[in-house]
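Trainee: Letter by letter, the chains look like this.
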Amino acid sequence: MYVSPIREPLVTGAKSYKQVTDDITKPMEGKPGKLWYAGLATALLALAFGGYAIFVTVWDGIGSWGLNRTIGWGWGITNFVWWVGIGHAGTFISAILLLFRQKWRTSINRSAEAMTIFAVMCAGLFPLLHMGRLPLGFFVFPYPNTRDLWVNFNSPLLWDVFAISTYFTVSLLFWYMGLIPDIGSIRDRLKDGIKKKIYAALSFGWTGSARHWARHESMSLILAGLAAPLVLSVHSIVSMDFATSVIPGWHTTIFPPYFVAGAVFSGFAMVLTLMIITRKALHLENYITVGHVESMNKVIIATGSIVGIAYLTELFMAWYSGVVYERYAFVNRAFGPYWWAYWIMMTCNVITPQLFWFKKIRRSLVATFIISIFVNIGMWFERFVIIVTSLHRDFLPSSWSMYSPTWVEVGVYIGTFGLFFTMFFLFIRFFPVVAIAEVKSVLKSSGEKFIKKGAQHEK
Amino acid sequence: MDKQFVFSKKMMMVILLFIIVGVLLTITGLFVSHVEANRLWANILLNGFLIVGLSLGAAFFVAVHIIAESGWQTSIQRIPEAMGSKIWLGAIMIIPILFGAHHLYHWSHTEHLDHVLQLKQPYLNLSFFAARMLIYLGGWTFLFYKIRQVSLMSDQNPDIALFNRLRLFSGIFIVFFAITSSTSAWDWLMSIDAHWFSTLYGWYTFIGMFVNAIAVIIIFLVILQKLGYMSHVNDEHLHDLGKYLFGFSIFWAYLWISQYLLIWYSNIPEETAYYVDRVQGFETLFYVNVVVCFVAPFFALMSRGTKRKANWLFYTAIVVFIGHWVDLYLAIMPGAVGDELSAIGLFEIGLSLIYVTVFAFFVFKALAKANLVPQNHPFFKESFDYENIK
Amino acid sequence: MKNNKFITGMFFDDKDLIEAIEKIQEKGVFIFDVRTPFPVHGLDDILKYKRSRLPRLGFVAGVLGAICAFLFQAWVFTEAWPINFGGKPLLSVPSFIPVTFEMAVLFAAISLVFGFLIKSGIGPGAETIIFDERTTDDAFLVVIKEDENIEVKRAEEVLREVGAEDIKLVIPMLKKS
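Heads up: the protein sequence lines correspond to chains G, A and P, in order.
First residue of the first sequence: 1, per the working numbering; consecutive thereafter.
First residue of the second sequence: 1, per the working numbering; consecutive thereafter.
First residue of the third sequence: 1, per the working numbering; consecutive thereafter.
If you're looking for bench data, these hints aren't it; they were derived computationally from the structure.
Any given hint might turn out to be false.
[As the list claims (entries may be wrong)] For lysine-lysine, the following PhoX-like pairs were computed, each having C-alpha atoms within a straight-line distance of at most 25 Å:
#1 G:K280 <-> G:K298
#2 A:K146 <-> G:K359
#3 P:K168 <-> P:K23
#4 P:K15 <-> G:K444
#5 G:K195 <-> G:K26
#6 P:K119 <-> P:K145
#7 G:K444 <-> P:K23
#8 G:K18 <-> P:K15
Chain G extracted, bound-state conformation:
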């Protein structure tokens, strides 16, 4: 496959196939460093704290959260939407970018997909806890209860159950099917022993037969074709939890695509935050290059601008509608008691990503790292603004109220960070962070060594 010599190489350092395997599997061999233990310990500590907060929630009841009659959804649902949003980057990268033949995805898709799976796990925890009593979670499944009553398929909350569980299943399958050839690589590097046996089982007996590869590619393409609309549907359905209501600030038709753009935006920010550290820690600079970071920053600026336009559209339509409640909801967002949340959201989501128009900033790792954290914060506040400020002053001024979280809610949130990072630390230790086989498949067209050769050949 010919690649124009003016394109940046995707793999630098003139790597051979063997070096690719060696470099990527290196972090998994030998003893993990102190940094890894420290990281895992911190994550486990956070997880334990979260576990305690969950215990308090279940033992004392949902009253231990700061919710009240007017504001029935607070941090819990904010965090749910935030985590689900983060879970959109992985499948976006591996499905939609595969369909668009973006080769740079091969270096980041594996870890981004892993993040997707972990983030969706964290997200799923919140609706479950919000039920107050965990066994109630059983009743979201389409099962007729003792009075022969089925679940309500007309409720967007139930659509969510289907959307999130389908998304989790499909992402997991997609990720694991991509992973088996690489697990095969690890298996074949190991000397006989228990470790080899485990990897052999995990690799499903992968052989690398040309027949299997042809089938594998065909399956991946169709899975990508399925996952692409699935990514769109998941956050659209999450947005419908709000948009099907009649609450000003929630009921607006732009929500589905705007939530999806926001989700990809926050997902890419999280991937960047973690990959900038990971590439350094695991010495993967030749695979996750500055060019990769730049490409991701371009996605951030595109989705960030879409989100920005959606904010302005909402604002304009609130005025244009001529509906007093609609107008008030937006005035209250910007100048009401929660004005700070609104302006944090605006600054972090609309203004900071615009800095990526400058090539220098787009290619600076430090700047990218800082801005990606801003985006993470901004997108959290977006959900907080949507949920809390729309609820706290409803149609009836006598029931207007304020909300602040208790330590239990904060604790659960910290706990999900613990869960996410625990999983992530285990992942980078036991699985290859970069898709080995996929990088090899683009090495000849996009490796530094071969691009230079091609350019010379042309002259």
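Put chains A and P on the given structure of chain G with help from the hints.
Mentor: Positioned in the frame of chain G, the structure of chains A and P alone reads:
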């Protein structure tokens, strides 16, 4: 591969014939059925917007591929380029609605406005409306003129700096377009139902025009191939165009259902009024629209084989084109004319035929002006060395 | 299966591999299998593999999922336990669309993955022959199976002629056959 397109006398005659047929149909239509002033103006808006949408969608197609540094589409880039360079033609076609604004937009009757429309007056008033219209059309025409100019310049000059300039103008075009595509849709289409509002409307209209532009790019491509040009376009290129038509038709359906579902579900009278007009007054068309714009291309282009057959793609593209004509019809007629006075008769068909063939005439003229493939494009070679996964 | 003899030859570049395969085929020798560390572009055409029927399986399963999900919801709300919600009709099609879509995707995805695993004969605990452990690293392996048309000696000769390295005779021992 470097074949220059020649706009032959014979082709011109064929197009002229179509225009004559269109004129005859239009005139017959005027005699056969009673065409009210509202219906006349609504059709002028519909066709004007159709042509603006086609050239604008094609312009967006070019710009977005340039900034995404895409390689495959360079083989067909000259077709959307030629379409995009005709925004001025669309402008000439749509500007006349300013003179018929009283027939189209009831907010323009400032003497009797209710409270809500009075509130909207700072935005919905004729002078601001006209000013905005000129800004949109002027901006699009100018920015795409620059893109086209640089693209033609690079045919002579292999300097890579020109490609970077192309990227710069494409970036500016997209930023400008991102805002104006929504606002223009609110102005020209949504404000027909002046009380109604939907935040998604701008994006919904945009995706409609984009799909329609893709369909028309395919139509032009296949016509050129039938005439013996564009023989370098291979199955992979057709496959990619087919995927676009397939994928964005699904995306269109996604936005359609998002808007409909949320309004249907919440059931707020101010919002449902829009759909009530359509479901009750235009029931058949309302469902035909979804079938033709979504179900038809979905099943027609689902398999790999059909995306790679030029004829099959061509007919699907025509069906999609008709679908988006119906979509525009449903956007305009219920509010501007009403279900009792509007119909799809000889007048509608004839008038659209005139507009579309005039547009085709100018696009062919633009195609004849430059080489059918961009010379010196840095990614051009990539376009012939890739394969879609089976 | 126990007595099968396989002759393997190794290459270290995908271009060399494809050239060699074409030469072997010209000699009229059937290639039993090719093992590569990544999907090599165009290999399935040269080996004349038929296009996978997985897409069709996915389509059928997806349609099945959609139909099941829709009919089930329709049955629940019109027959099993009708609930009036917001004064809307019992059979309110728009609100069944999200779940219908999700189930279509779920059915299709699961059937694709299982179809792939079953068709390829791999899965948890599957026992497969790994001719050479380098094939998941950087080696490309051509495998010829001994049968009535070709003897071990001839196969080795053919592989040597096309420039294969490290030509070996492998007689796999499987626990189950």
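Trainee: I'd like to know which numbered hints this structure contradicts. Please list them from smallest to largest.
Mentor: Going through the list in order, the structure violates no hint and respects every one.
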